[in-house]
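2 protein chains.
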Amino acid sequence: MSKQQTKPIARPAIEGGLSPDRLSLNTATVRPQWSLQQCVDGCLRHGFGGIAPWRDKVQEVGVANAARIIRESGLRVSGLCRGGWYTAQGALTLSVIDDNRRAIDEAVAIGADCLVMVVGGLAEGSKDIAGAREIVTEGLARTLDYARTVDMAVAIEPLHPMYAADRACVNTVKQALDICDQLGTGIGVAIDVYHVWWDPALLPQLKRAGKERILAFHLCDWLLPTRDLLTDRGMMGDGVIDLRGLRVAVEAEGFDGLNEVEIFSEQNWWRRDADDVMRVIADRGRSCC
Amino acid sequence: MSKQQTKPIARPAIEGGLSPDRLSLNTATVRPQWSLQQCVDGCLRHGFGGIAPWRDKVQEVGVANAARIIRESGLRVSGLCRGGWYTAQGALTLSVIDDNRRAIDEAVAIGADCLVMVVGGLAEGSKDIAGAREIVTEGLARTLDYARTVDMAVAIEPLHPMYAADRACVNTVKQALDICDQLGTGIGVAIDVYHVWWDPALLPQLKRAGKERILAFHLCDWLLPTRDLLTDRGMMGDGVIDLRGLRVAVEAEGFDGLNEVEIFSEQNWWRRDADDVMRVIADRGRSCC
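Heads up: the protein sequence lines correspond to chains A and B, in order. According to the numbering used here, the first sequence is numbered sequentially starting from 5. According to the numbering used here, the second sequence is numbered sequentially starting from 5.
Hints may be right or wrong, so weigh each one.
One copy or any two copies: either way a pair holds, since identical chains are not told apart in the list.
Unchecked claim - Pairs of lysine-lysine, DSS-like flavour, derived with a Cα cap of 27 Å:
id: 1; residue 1: K131; residue 2: K211
id: 2; residue 1: K215; residue 2: K131
id: 3; residue 1: K178; residue 2: K131
id: 4; residue 1: K211; residue 2: K178
These aren't lab readings, by the way, just hints derived from the structure by calculation.
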């Protein structure tokens with residue numbers, strides 16, 4: 005996408021790992037600990053190359069303030085999380101479409117590489133996942149129509165199949181790319197290792213996606229055991245995912261964005277001092293990614 | 005498979021639902037409550053058409069006794085759970101191959117329609133899922149070589165991707181069928197709605213499988229929220245899966261085996277009186293399947 009190509013390419017890895025300037029902090033990783041301003045300051049303090057805010061952190065301070073805070077920091081914005089939820093009201097409503105239009109505007113305001121889409125699961129009380137997928141495709145088409153007018157890339161994030169019912173009915177990279185092919189330019193995928201690492205079709209689908217469609221790359225790890233479906237993600241290196249292998253695979257396609265770290269961890273990382281979390285991320289970026 | 009075709013075809017559904025004689029009780033559904041003998045007696049008392057024991061229930065009484073108990077009951081055996089776990093020792097060992105050979109023998113002894121395979125996840129400490137899949141394919145080939153000599157069908161059960169690390173690295177119907185195509189005759193898939201309902205490729209893959217490859221069909225439901233990755237399966241009708249739609253889809257391919265009910269439920273169904281559980285299953289079979 006053109007927006008990515010106009011930004012500086014991150015430096016090569018140190019001894020094969022990721023130096024902090026190639027990392028981006030997804031604010032969900034320190035959601036309970038830090039405000040947006042604290043996240044920005046923390047990224048600068050620890051030498052991170054970028055940030056990826058969630059909309060709640062942006063809206064806490066207002067979009068204009070958020071945009072100023074981030075612009076003044078000089079941090080790259082690897083994405084805004086998140087648009088989507090097209091099935092939230094059972095059908096594609098104007099309010100859902102409008103909310104996604106606002107999300108695009110917010111992504112533009114903060115200079116994000118892309119708007120990450122968590123598309124929504126089954127509508128309340130529904131068992132019709134094929135129908136949900138139709139709603140989602142139509143909703144993405146509507147958002148994309150607007151996003152093209154402001155040059156903002158739309159990144160479908162395929163979510164792990166365990167979220168098919170309640171968060172996102174797009175569950176594989178192949179499925180997301182099929183939607184992209186249907187909708188045309190300006191749309192691609194956000195590859196989060198947590199959601200896709202298991203997929204036997206992953207590597208050929210990353211090749212299919214290529215540089216044009218790989219808009220974001222998210223890191224964390226899959227823990228054994230996983231004690232909660234949503235909030236028990238692991239720090240890189242603490243789980244079973246071949247992180248370096250997957251990073252090499254997206255880079256082989258030409259992906260040159262930041263490596264965004266997004267860890268939901270109710271029982272562990274959300275309870276720690278956030279500067280400690282940042283230090284561990286930086287360390288694991290070097291040693292495990 | 006020839007074994008299935010020699011057994012009586014279940015009667016048509018009553019008003020679209022499943023009468024109890026079209027159901028099979030997977031013994032895991034009442035694992036803490038009932039022994040094999042109690043399961044058999046319960047199936048007869050509630051008019052179930054069949055049973056699908058786990059190997060622990062068989063081994064508790066010994067294979068010969070189990071075979072006698074089941075044979076005398078007249079119940080059909082929709083499957084024996086389970087063989088597989090090829091990655092349990094890091095590489096494909098003789099002891100793993102031998103254990104699967106014993107599982108085939110046990111399946112023959114109790115007259116099962118198939119041996120259901122939970123193939124195993126990552127080896128201890130490994131992050132190499134591609135390697136695990138190679139071990140699994142080789143293991144299945146070895147088991148199949150023996151199974152063909154005793155006319156026992158081998159049913160690969162693709163498990164939900166959330167079990168890719170610790171239980172089974174075969175996670176989609178397509179992946180399982182690719183293995184079947186590689187290995188030839190005598191092997192197919194066990195379709196458990198819990199594991200496959202989310203898959204956007206499910207319906208075309210069921211069509212690809214056809215009668216020849218669909219060896220078993222398992223029922224339960226996906227709860228919202230799901231509170232545990234392993235032991236929070238729902239009773240049919242309590243979740244979001246379009247059960248009737250999936251049953252119709254496998255029947256459209258010619259599947260005429262029993263509908264096996266397999267519910268792991270630490271907090272709910274495992275704590276209830278087992279006869280109550282059987283009554284609810286029979287009721288939900290009629291109304292929700």
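Hints, one by one, checked against the model:
{"no.": "1", "hint": "K131 x K211", "verdict": "between (33 Å within a copy, 21 Å between copies)"}
{"no.": "2", "hint": "K215 x K131", "verdict": "between (36 Å within a copy, 26 Å between copies)"}
{"no.": "3", "hint": "K178 x K131", "verdict": "both (22 Å within a copy, 23 Å between copies)"}
{"no.": "4", "hint": "K211 x K178", "verdict": "both (11 Å within a copy, 19 Å between copies)"}
Every hint from the earlier list agrees with this structure, and none is contradicted.
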